[in-house]
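Take a look at the letters that make up each chain.
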Amino acid sequence: MTINPENKLQFSSTHRLQWEEAQQKDVILYPEGMVELNQSSAEILKLCDGTRNVAELVIDLEQKFQTSGLEQDIRNFLEIALQNGWIQQS
Amino acid sequence: MVGFNKVKITPPRWLLAELTYACPLQCPYCSNPIDYAQHKQELTTDDWKRVLTQARKMGAVQLGLSGGEPLVRQDLEEIVQHARQLGYYTNLITSGYGLTEARILALKTAGLDHIQISIQASSEELSDYIAGTKSFAEKKRVAHLIKKHGYPMVLCVVLHRENIAQMADILNMAVELGADYVELANTQYYGWANLNRDLLLPTRDQFETAEAIAQEFKLQVAGKMKIYYVVPDFYEDRPKACMNGWGTTFLTVAPDGMALPCHSARELPNLDCPNVQDFSVEEIWHESKAFNFFRGDDWMQEPCRSCDEKSKDFGGCRCQAYLLQGDMYATDPVCSKSPKHDLIETAITDANTAAKNVTEKPLIFRNSKNSRNY
Numbered sequence: 131m132t133i134n135p136e137n138k139l140q141f142s143s144t145h146r147l148q149w150e151e152a153q154q155k156d157v158i159l160y161p162e163g164m165v166e167l168n169q170s171s172a173e174i175l176k177l178c179d180g181t182r183n184v185a186e187l188v189i190d191l192e193q194k195f196q197t198s199g200l201e202q203d204i205r206n207f208l209e210i211a212l213q214n215g216w217i218q219q220s
Numbered sequence: 003m004v005g006f007n008k009v010k011i012t013p014p015r016w017l018l019a020e021l022t023y024a025c026p027l028q029c030p031y032c033s034n035p036i037d038y039a040q041h042k043q044e045l046t047t048d049d050w051k052r053v054l055t056q057a058r059k060m061g062a063v064q065l066g067l068s069g070g071e072p073l074v075r076q077d078l079e080e081i082v083q084h085a086r087q088l089g090y091y092t093n094l095i096t097s098g099y100g101l102t103e104a105r106i107l108a109l110k111t112a113g114l115d116h117i118q119i120s121i122q123a124s125s126e127e128l129s130d131y132i133a134g135t136k137s138f139a140e141k142k143r144v145a146h147l148i149k150k151h152g153y154p155m156v157l158c159v160v161l162h163r164e165n166i167a168q169m170a171d172i173l174n175m176a177v178e179l180g181a182d183y184v185e186l187a188n189t190q191y192y193g194w195a196n197l198n199r200d201l202l203l204p205t206r207d208q209f210e211t212a213e214a215i216a217q218e219f220k221l222q223v224a225g226k227m228k229i230y231y232v233v234p235d236f237y238e239d240r241p242k243a244c245m246n247g248w249g250t251t252f253l254t255v256a257p258d259g260m261a262l263p264c265h266s267a268r269e270l271p272n273l274d275c276p277n278v279q280d281f282s283v284e285e286i287w288h289e290s291k292a293f294n295f296f297r298g299d300d301w302m303q304e305p306c307r308s309c310d311e312k313s314k315d316f317g318g319c320r321c322q323a324y325l326l327q328g329d330m331y332a333t334d335p336v337c338s339k340s341p342k343h344d345l346i347e348t349a350i351t352d353a354n355t356a357a358k359n360v361t362e363k364p365l366i367f368r369n370s371k372n373s374r375n376y
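Chains as they are written, first to last, in our numbering: chain F, 131 to 220; chain P, 3 to 376.
The shape of chain F in the complex, shown without the other chains:
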């Protein structure tokens, strides 16, 4: 399973992305489990809202953080997210 560049990316409907005040970080919640996210991973996942493909997500994220050269890191993380079922392609 790999990311198709054409497809829009959507956060999984059977997982929950949530800010945890006590931990001061975003986490992914799913049946009987939790993944703690660093800030950049959380920012990527928040943009997986069904309106962007990979290229569009890279543009928006680079713009948001006024930087460039993020594409490979973002692609690598999205592959992991897809394999773990955190995101879906539509």
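Read the hints as simulated data drawn from the structure, not as lab findings.
Since the structure is predicted, the reported quantities are computational estimates derived from the model, not experimental observations.
Some clues are possibly wrong.
[As the list claims (entries may be wrong)] Calculated lysine-lysine pairs in the DSS-like style (CA-CA distance at most 25 Å, straight line):
id : chain 1 : residue 1 : chain 2 : residue 2
1  : P       : LYS228    : F       : LYS176
2  : P       : LYS10     : F       : LYS155
3  : P       : LYS314    : P       : LYS339
4  : P       : LYS226    : F       : LYS176
Chain P: place on chain F using the hints.
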């Protein structure tokens, strides 16, 4: 010194709310205490809401609603709604027996995130026998309804000598029911399971055959279904890192309000486990004798004390050390470094002997009549 040693206390992340000991099933490996019939009193809806609020404030985020059978509580929807509003990820851990479509919808509206349903075997005859109640057909129907209404679903099957040979069929059943996760829970020998250990512990051959099937299946379903595996620790060399360390992560609240560092801790002597009706969750977590008892490693004896793996497995399970050798401070006998590791070999031999014995003593089913004997 055991007790109030200075250890950095991390906040609870997991709250297991055992809402009731009542259950229509009678599984002979139930983790509830064997004397549960003595603990009839149950917390009120307001008690549970208060406990949920207090634990959430400290940082608990995963909530297991369990029992007994949590569906027995008529205020389940109200408790779920309160939990979801607080931001918990709400897990309903149920037998599925008696769960109607109307209630599945009501729980969805209340904000329930996930349902874990248990089935006792892949064949109707064995599943109904182990459950002590005719329930297999209904459970399968309920599993389909859970998926119909969009819940992520864990199918939990507790494994033991009677059903472990059905591994391939159990996994096929998980596919047929559309499970997102299958929990292969090798029986843990506490509570009722400990009473029935000779009849439940699989032989090493049975266990290894089943494990090979499960490993192959795991590769086949990668990306589609996940497997949660509860280790068969009698067949391991090292003990499990029980509860991720005592008083570090897990908080169980029993039906009568007793707060426990693990759901079996009620079996340990002299812990003086506190009750949520008398203390706040914060007081219990930080200050109670019970939650500080095995925090850190000052309590450890040799060989744990000087062991380079002690920060990995915390000396294993305190309840297992107590149940097997009568000393809750001892190294978990599952560990091959334990001077009492032969107790595990003896347990396996006894179980093998019992397996070959045609005049086996019968399983002791988990019900109020049997519970009143303890």
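Right, here's what the structure says about each hint:
1. P:LYS228 <-> F:LYS176: holds, 24 Å
2. P:LYS10 <-> F:LYS155: holds, 20 Å
3. P:LYS314 <-> P:LYS339: holds, 14 Å
4. P:LYS226 <-> F:LYS176: Since the Cα atoms of LYS226 (chain P) and LYS176 (chain F) sit roughly 23 Å apart, the hinted pair holds (cutoff 25 Å).
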